[in-house]
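Trainee: Residue numbers (our numbering), protein chains in the order written: chain A, 75 to 328; chain B, 67 to 340.
In case anyone wonders, no lab produced these hints; they're calculated from the structure.
On a predicted model such as this, the values are computed, not experimentally measured, just so you know.
A virtual CB, placed ideally from N, CA and C, is assigned to each residue, including glycine.
Don't take each hint at face value.
As the list claims (entries may be wrong) - Taking lysine-lysine pairs in the DSS-like style, the calculated list, with each CA pair at most 30 Å apart, reads:
hint, chain 1, residue 1, chain 2, residue 2
1, B, Lys291, B, Lys105
2, A, Lys207, B, Lys240
3, B, Lys333, A, Lys207
4, A, Lys185, A, Lys207
5, B, Lys240, A, Lys281
6, A, Lys310, A, Lys281
7, B, Lys291, A, Lys185
As the list claims (entries may be wrong) - The calculated label-pair distances, taken between Cβ atoms and stated as ranges, are:
hint, chain 1, residue 1, chain 2, residue 2, range
8, B, Trp322, A, Glu106, 57 to 67 Å
9, B, Leu247, A, Gln229, 19 to 29 Å
10, A, Lys207, B, Ala164, 51 to 61 Å
11, A, Met140, B, Glu230, 19 to 29 Å
12, B, Ala152, A, Glu106, 27 to 37 Å
13, A, Ser77, B, Thr248, 35 to 45 Å
14, A, Gln229, B, Ser261, 39 to 49 Å
15, A, Asn138, B, Thr248, 34 to 44 Å
16, B, Trp322, A, Ser84, 57 to 67 Å
17, B, Trp322, A, Gln229, 37 to 47 Å
18, A, Lys207, B, Ala152, 31 to 41 Å
19, A, Asn138, B, Glu230, 19 to 29 Å
20, A, Gly139, B, Ala152, 45 to 55 Å
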Amino acid sequence: MNSTALSVDSVGHVYGQGTVEQFHAIGEVSFEVDRGEVVCIVGPSGCGKSTLMRIMAGLMRPSNGMVSLDGHPIEGVPADLAMVFQDYSRSLFPWLRVRPNVEYPLRHLAKAERAQRATDALADVGLSAHDRKYPWELSGGMQQRVALARALAVQPRILLMDEPFASVDAQTRSDLEDLVLEIHAETGITIVLVTHDIDESVYLADKVIALSAQPSTVLETIEVDLPRPRNQLDTKESSNFLHYRHHAYELLHR
Amino acid sequence: MSGRLWRAVTALGSLTVVVIGWQLLTVWSESYFFPPPSKVFPHLWSGNGGIAEPPYLSSSPSDLFLGAGFYEDLVPSMWRMLRGYAMAAAVGIGVGTALGLSRAARQYTDWIINFVRAIPPPALLGIWIVVFGLGDGPKIYLIAFAVVWPILLNTIDGVASVDEQRMQVAAVFKIPFRRQLTGLYLPSASPKIISGMRISLGFALIMMIISEFAGATNGLGFRLKEDLSFFNFPDLWATMILLSAIGLLLNGLMFWAEARILGWHRKASEVSNL
Ligand SMILES: Nc1ncnc2c1ncn2[C@@H]1O[C@H](COP(=O)(O)OP(=O)(O)OP(=O)(O)O)[C@@H](O)[C@H]1O
Ligand SMILES: [Mg+2]
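Here chain B stands alone, though its shape is the one from the complex:
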């Protein structure tokens, strides 16, 4: 416990140093593009007059300290990202399991997967807006398309490398196929599936921003683009700070989920290589 406390203290300490350093540097340089944090942080709470964006936070307890920007930009962005990510997870795990189970299917699809995967997702944004229209659809599909690969490939790998003898155990005890799936293949592949999902999660955040650069009327990516075109740098940096906080939060959630689901794996790996 004291170890954890110490880690928190050191993290907080270095964060303070960084923010102070940032303040000193930017105040000294007086660059228009790099406003000091003393100017940026207030923009999380209040707009800067004129062309201000709605702030994410509020100082009013009756609003739960949440500002209009939270509802108008942050929530729609996160909702798109969540749906895209969920779609990628469903497709990745579903298709990955099917391919992992069949060597023949893997051989047939291997080159297709590698071919399609090689397309840089942002290149598709324009086309997808044409095909799927404006609105959330193309953004969600773009996110899903971009982040499905680590989940898909890791699931294939995990399911295909289930231990031969454990499969024989399931066969000898006549476990029905569906229970082999839930009781053997998926748990056995779960360390790889989850590591794919971790990679994809960070990637989903990036794709969420990119997908909102075109054909969007709200969202964090839309705001970044607007702030840039209006030279509204304090707001731009405020959104950047928010994004980094979201990234940290998602990582923490992932870490927590992983510890819960893969507790057995971490501890088992310590005593032997499975």
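The shape of chain A in the complex, shown without the other chains:
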């Protein structure tokens, strides 16, 4: 079971290589994500987390190093991969209502199947009642949940999420964290999630990758050995949780 799904091997990235505005975003980053694992990436703003996500999704090539999925180097977006983008306002299609937005990637499926998947995904993120609204009629957090539903509806084996809950209120946020854990427990999906929030990263992850400021390197890969299923009260009050949190905090605020 514990075979490597995603392997990030000495990845570095320079934007605008050879130009005056050349910018060294990622120094050298290596880590591995095992199949069925939840991995959280934390690091200061601008350290190249979104860049790394785009590279892992096969949307762009890194300047150095490579990423492979199930042992094959990634060239183009792999099958069975879905992604929730950081900027929710530019993620959904404003000319489509919520349900067609969720169904948009499902066109290859029969109509009934498509509708069923959208219904289920919208129910999962608690937006069943809003499926006839337009995205811009929803709050930021709700839009991000639609984007999550859209990603879930394709039933990916690997899910990349770029700060999915950054603009969600605290209560919805913990609900969504638990939703991610639930989905993970049910489907065994591999999840890579970027966050600014150390608590969130420890609460969700099997492994926390702490990145330095740009050009970023891996400060440390923290193996989080907390029992699952986790819950907001017991897990977050456990001494082990506090220990990991303390450690990650020190690492990132050094």
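Position chain B with the ligands against the provided structure of chain A, taking the given hints into account.
Mentor: Leaving out everything else, chain B with the ligands in the frame of chain A:
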């Protein structure tokens, strides 16, 4: 609703004032070139004897109140304009999308477009009659040539400025190219495309008239030219009024279409800038 009613009342009111003012001024000045509306309006229904043009309207319900001028001049004119406009829209959106998708193609064609666009279309009328002959062809091509630019340029701009992250969304979800075109690029560019089409529509009306100034044997532009050469000013002004009514109607149609197609855009722009 009462707001709309009020707008209609005020518009009607000011229209009445303008027509009365026009009547008073022209009756007072007794200018031959500016006949009073009381003389002009009847020419929409009936010719003025002698060298009269067939009237656009009729008083007979069995003719649906439409006169011979409607079929012999108005319809051929509108049909030319429609075909020219449709051709411009097809070419503008088609070519514009292709250029919008490719930065390299844009760089190569940019100066050509600007060069060709700089030709004032009426300057081509004579040549085109020589090349394409009389008949509807040269007129339609002239209209299409003249009005294609706003549609083309706006389509290029709209397609080229599709949001980067939305393109990544389409890539991540492996949307086939054709569905990206219909599901992402065109809807995303539609506000700009439609604003180009609105500009072009008004322009098409102008070009329709100009194209009929030479090598035509019917049409509204032909009639204007004939009326002028025969000093038939009441008929001339009647056609002018008709043209203005057509312009209003087309604008209304465009407004309606825009509200239907771009409802999402107007409302979304109110809450955020997309
Ligand atoms: N297309 C680009 N061209 C040039 N520089 C870029 C580009 N995209 C990002 N950068 C720069 O690279 C750095 C890393 O960007 P990235 O978006 O990956 O950071 P991030 O870690 O996701 O930040 P945040 O936490 O604020 O989302 C930033 O300093 C950014 O300015
Ligand atoms: Mg980011």
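Trainee: Indicate, hint by hint, whether the structure satisfies it.
Mentor: Taking the hints in turn, this is what the structure says about them:
Pair hint Lys291/B plus Lys105/B holds up; C-alpha atoms about 20 Å apart against a cutoff of 30 Å. Proximity of Lys207/A to Lys240/B is assessed by CA-CA distance (about 25 Å); at most 30 Å being required, the pair is judged to hold. Distance hint between Lys333/B and Lys207/A is fulfilled; the C-alpha atoms sit about 12 Å from each other, no more than 30 Å. For the suggested pair Lys185/A and Lys207/A, the alpha carbons sit about 20 Å apart, so the restraint of at most 30 Å is met.
In summary, the hint linking Lys240/B to Lys281/A is supported, as the alpha carbons are separated by about 29 Å, within the 30 Å threshold. Restraint check for Lys310/A and Lys281/A: the C-alpha separation of about 16 Å stays at or below 30 Å, so the hint holds. A hinted pair counts as satisfied when its Cα atoms are at most 30 Å apart, and Lys291/B with Lys185/A does not qualify at roughly 59 Å. The hinted window of 57 to 67 Å between Trp322/B and Glu106/A holds, with their beta carbons roughly 58 Å apart.
Our hint of 19 to 29 Å for Leu247/B and Gln229/A holds, since their Cβ atoms are close to 26 Å apart. For the pair Lys207/A and Ala164/B, the supplied restraint of 51 to 61 Å is violated, since their beta-carbon distance comes to about 35 Å. About 23 Å separates the C-beta atoms of Met140/A and Glu230/B, a value consistent with the hinted range of 19 to 29 Å. For Ala152/B and Glu106/A, the hinted distance range of 27 to 37 Å is not satisfied, since their beta carbons lie about 58 Å from each other.
Range check, Ser77/A to Thr248/B: about 40 Å between beta-carbon atoms, so the 35 to 45 Å window is met. Range check, Gln229/A to Ser261/B: Cβ separation about 40 Å, and the 39 to 49 Å hint holds. Hint check: Asn138/A to Thr248/B, Cβ distance near 38 Å, so the stated range 34 to 44 Å holds. Between Trp322/B and Ser84/A the beta carbons are some 59 Å apart, a value that agrees with the proposed interval 57 to 67 Å.
Range check, Trp322/B to Gln229/A: Cβ separation about 42 Å, and the 37 to 47 Å hint holds. Taken as a hint, the range 31 to 41 Å holds for the pair Lys207/A and Ala152/B, whose Cβ atoms sit roughly 35 Å apart. At roughly 23 Å, the beta-carbon separation of Asn138/A and Glu230/B lies within the given 19 to 29 Å, and the hint holds. Our hint of 45 to 55 Å for Gly139/A and Ala152/B holds, since their Cβ atoms are close to 53 Å apart.
In this structure, the hints that do not hold are numbers 7, 10 and 12, in rising order.
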